[in-house]
Amino acid sequence: HMVDAVLYFEGEGGHHYRILRTVKNRFGPTDEIGVFEMSDMGLREVANPSELFLGERHAKAPGAAVFAGMEGTRPVLVE
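Counted from 1, the sequence shown has number 80 at position 62 by the numbering used here; the numbering is strictly sequential.
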């Protein structure tokens, strides 16, 4: 084998958040992701990505809905 794992850091240039996605993993699953944030102290894991999307939501806003999607094996709530 040339490589045991292939990983990609994905994200938009103007945002602080990145997704670590597995494309190939010889010794484990490829349906897992990691969400990370770049801060002044360096790269850190975002333990609850759903909080990113719902943290500042206005529950009484007309037309707002929460969607429970799957990103790999991780459920993510998005408004």
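Keep in mind the hints are simulated off the structure, nothing from the lab.
Since we're looking at a predicted model, the values are computed, not measured.
Check the hints yourself; a few may be wrong.
For lysine to any residue, the following SDA-like pairs were computed, each having C-alpha atoms within a straight-line distance of at most 20 angstroms [said to hold, decoys possible]:
1) Lys42 with Gly31
2) Lys42 with Ser68
3) Lys42 with Met56
4) Lys78 with Leu95
5) Lys42 with Ser57
6) Lys42 with Gly90
7) Lys42 with Thr91
8) Lys78 with Gly52
9) Lys78 with Glu97
10) Lys42 with Val24
11) Lys42 with Glu28
12) Lys42 with Asp58
13) Lys78 with Ile51
14) Lys78 with Ser68
15) Lys42 with Arg92
* Asked: What hints, given by number in increasing order, does this structure fail?
  -> Of the numbered hints, 1, 2, 3, 5, 8, 12 and 13 do not hold.
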